[in-house]
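> Letter by letter, the chains look like this.
Protein chains: 2
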Amino acid sequence: MTGTIIRIAVDAMGGDRYPDVLVEGSVAALERFRDIEIVLVGDETKVGDYIARTFNERASSGKKGLKESLGPRIRVVHAHEVIEMSESPGRAIRSKKDSSIVVCNKLCRSGEADAVISAGNTGAAMASSLLYMGRLEGVSRPAIMALFPSEKNYVCILDVGANTDCKPGNLYQFGVMASIYAQYILGYSQPRVGLLNIGEERSKGNELTCEAFEMLEKSGLNFVGNIEGRDIFKGMADVVVCDGFVGNVLLKFGESIFSFITHTIKKKTAKNLSRVTGALLMKPVFKEIKKEMSPEDYGGAPLLGVDGVSIICHGNSSPVAIMNAIRVARAFVIEDVNTLIKNELSRKNFIPNE
Amino acid sequence: MTGTIIRIAVDAMGGDRYPDVLVEGSVAALERFRDIEIVLVGDETKVGDYIARTFNERASSGKKGLKESLGPRIRVVHAHEVIEMSESPGRAIRSKKDSSIVVCNKLCRSGEADAVISAGNTGAAMASSLLYMGRLEGVSRPAIMALFPSEKNYVCILDVGANTDCKPGNLYQFGVMASIYAQYILGYSQPRVGLLNIGEERSKGNELTCEAFEMLEKSGLNFVGNIEGRDIFKGMADVVVCDGFVGNVLLKFGESIFSFITHTIKKKTAKNLSRVTGALLMKPVFKEIKKEMSPEDYGGAPLLGVDGVSIICHGNSSPVAIMNAIRVARAFVIEDVNTLIKNELSRKNFIPNE
Numbered sequence: 001m002t003g004t005i006i007r008i009a010v011d012a013m014g015g016d017r018y019p020d021v022l023v024e025g026s027v028a029a030l031e032r033f034r035d036i037e038i039v040l041v042g043d044e045t046k047v048g049d050y051i052a053r054t055f056n057e058r059a060s061s062g063k064k065g066l067k068e069s070l071g072p073r074i075r076v077v078h079a080h081e082v083i084e085m086s087e088s089p090g091r092a093i094r095s096k097k098d099s100s101i102v103v104c105n106k107l108c109r110s111g112e113a114d115a116v117i118s119a120g121n122t123g124a125a126m127a128s129s130l131l132y133m134g135r136l137e138g139v140s141r142p143a144i145m146a147l148f149p150s151e152k153n154y155v156c157i158l159d160v161g162a163n164t165d166c167k168p169g170n171l172y173q174f175g176v177m178a179s180i181y182a183q184y185i186l187g188y189s190q191p192r193v194g195l196l197n198i199g200e201e202r203s204k205g206n207e208l209t210c211e212a213f214e215m216l217e218k219s220g221l222n223f224v225g226n227i228e229g230r231d232i233f234k235g236m237a238d239v240v241v242c243d244g245f246v247g248n249v250l251l252k253f254g255e256s257i258f259s260f261i262t263h264t265i266k267k268k269t270a271k272n273l274s275r276v277t278g279a280l281l282m283k284p285v286f287k288e289i290k291k292e293m294s295p296e297d298y299g300g301a302p303l304l305g306v307d308g309v310s311i312i313c314h315g316n317s318s319p320v321a322i323m324n325a326i327r328v329a330r331a332f333v334i335e336d337v338n339t340l341i342k343n344e345l346s347r348k349n350f351i352p353n354e
Numbered sequence: 001m002t003g004t005i006i007r008i009a010v011d012a013m014g015g016d017r018y019p020d021v022l023v024e025g026s027v028a029a030l031e032r033f034r035d036i037e038i039v040l041v042g043d044e045t046k047v048g049d050y051i052a053r054t055f056n057e058r059a060s061s062g063k064k065g066l067k068e069s070l071g072p073r074i075r076v077v078h079a080h081e082v083i084e085m086s087e088s089p090g091r092a093i094r095s096k097k098d099s100s101i102v103v104c105n106k107l108c109r110s111g112e113a114d115a116v117i118s119a120g121n122t123g124a125a126m127a128s129s130l131l132y133m134g135r136l137e138g139v140s141r142p143a144i145m146a147l148f149p150s151e152k153n154y155v156c157i158l159d160v161g162a163n164t165d166c167k168p169g170n171l172y173q174f175g176v177m178a179s180i181y182a183q184y185i186l187g188y189s190q191p192r193v194g195l196l197n198i199g200e201e202r203s204k205g206n207e208l209t210c211e212a213f214e215m216l217e218k219s220g221l222n223f224v225g226n227i228e229g230r231d232i233f234k235g236m237a238d239v240v241v242c243d244g245f246v247g248n249v250l251l252k253f254g255e256s257i258f259s260f261i262t263h264t265i266k267k268k269t270a271k272n273l274s275r276v277t278g279a280l281l282m283k284p285v286f287k288e289i290k291k292e293m294s295p296e297d298y299g300g301a302p303l304l305g306v307d308g309v310s311i312i313c314h315g316n317s318s319p320v321a322i323m324n325a326i327r328v329a330r331a332f333v334i335e336d337v338n339t340l341i342k343n344e345l346s347r348k349n350f351i352p353n354e
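Chains as they are written, first to last, in this note's numbering: chain Z, 1 to 354; chain C, 1 to 354.
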């Protein structure tokens, strides 16, 4: 790969703390990877100022020469609009053509960037990638993939929100895309693919799952059959496919577990000395569990199936999470995941009916 | 209600430890409620022996005269077949017409019992209640309701498995049935009804949820709009309606949380003295959380919308859970929940299209 530079567009105006988190994450990624360039898209003055401040702060804490060494690999592209978290995605991306997230995706379309990282309005990030990158050849429905913790390794679940109604062929394609991601980005060998369902037997479920079961069985994927809600945390599959309605409900429910558990622990611990002492001693454990349950080390949720690389991060991402999203985007480009997906889909006979 | 006796049929051959748990739970309920009679259905010898043993054990631990005082209110009805947990429900209830669960439901149909309690094969319990009790007038699809813990009170979620595909009118009816249950059995005043969805706005979701939103809005129920996965544990609604596919995935996922959290805590605590000490001090907290997350005090999952009372318990139910299921069944009969549901549905103009 010598000589190849990977250019990553980062929406500097998305997320709960912009541009700070995005700039810091980008600078950290530039330090770590010598083969990337970052394009920060947003308010030129604000973003430029924050970059200068970040370099200065690092210099005063002993890291001198960053401006000189990293400066040439970071640039700002101005975008004068911002899509807020609360805006309706479809309308926003049509009316705000100069918003930071839309400009990021246009840069990918024109070939000026290889990947987009965003932490803003999820729907707008998804819709603009769909619109400007387009679908990957052979993919009928791109999908958002999220990672769930489990007793074994992280589990890839998709779709978690791009498609509320799915056809069996879509679920099969989700399985193909996530298998390749799990293998080439997460390093799982022969990822086990499961179909989210309400019983173990093949006849269980609704029309969608019954047909999808047959397709997945014949697919050549390492299909392990139906996966029930209780099997996810047990790590019974590496990839779990479902429609975007169920996946989204599950994702958001899953994200609320840690806060519910800590709320309950606090309620039951208050004013009891031995319990409070126990909770203090257990604090590092809870901290580690919290981290495991919001896997920021794994770098956001990829939108799989678009003709480009689009990684969608949480609004509350830390600089580390942004850095990891950039790391994943870089790996996605280097491993050429999209070509692998295209090739795999073209080898198969299944053409999902749309 | 003076003089009215409520007769409850208990499937003595279901669950992980039968007939023990069922007999013990029944005896506990008889001690607590003077206006109930229990019909234990199953192997006459086994069940009879266990009843005698239970009375003897209690006598030797000081509770004398139970046989004389409770004996007349408990009887055994023989059933020579058992439906195992692993059997296909539909086939099993057709081929095993003398199985304990089918006999329980036949007793309800013939008027010899007012309610059925079962802890065996959930599908068989549901299918036999549907077949022998039939649907309640005006209800197009009966549904299983489960209770989820939350930061506020327990949340009623339905359907958690009876109907994999639903129409908007079904979701509306689920809202009516659960509201009445929440009000008359759980004592919630003006239960807040939410629609499980993937966004707050009314336009979010799939065809089913968009239409159901409109229906629920006009229904006269205390409808609080869309509820996302993350809102359940926050207790943003008292009743959450969804189709049985999503509900079942969520139920089973929810049931696996506690075991995942304890698995993770154990892994992170092992061999670290201060963490182990903390965990020991916190043990009572975890025990209380476990109890809260498997709400056996609330007595199983009612199958709402059948022309009878059918409470389905977990296979691993304790005698306390069975006692509570009997308590709920008794309240269901006393409050005449089914008449309340029938009246409420007949007052409305919505006739769900089937």
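Note that these hints are calculated values from the structure, not bench results. Mixed in with the good hints there might be a few duds.
Just so you have them, the derived chain Z footprint on chain C, three or more residues with Cβ under 8 Å [to be verified]:
(1) 8-22
(2) 137-147
(3) 323-335
Within a straight-line C-alpha distance of at most 30 Å, the following computed DSSO-like cross-link-like pairs (lysine-lysine) qualify [stated by the list, open to error]:
(4) Z/K97 - Z/K46
(5) C/K167 - Z/K267
(6) Z/K267 - Z/K291
(7) Z/K290 - C/K167
(8) C/K234 - Z/K152
(9) Z/K252 - C/K271
(10) C/K167 - Z/K291
(11) C/K204 - Z/K268
(12) Z/K267 - C/K266
(13) C/K67 - Z/K267
(14) C/K234 - Z/K266
(15) Z/K290 - C/K234
(16) C/K267 - Z/K152
(17) Z/K234 - Z/K267
(18) C/K271 - C/K291
(19) Z/K266 - C/K167
(20) Z/K287 - C/K152
(21) Z/K291 - C/K266
(22) C/K63 - C/K97
(23) C/K287 - Z/K252
(24) Z/K266 - C/K204
All C-beta atoms in this analysis are idealised placements derived from N, C-alpha and C, irrespective of residue type, glycine included.
> Under the constraints set out in the numbered hints, which ones does this structure not fulfil?
1, 2, 3, 5, 7, 9, 10, 11, 13, 19, 22, 24
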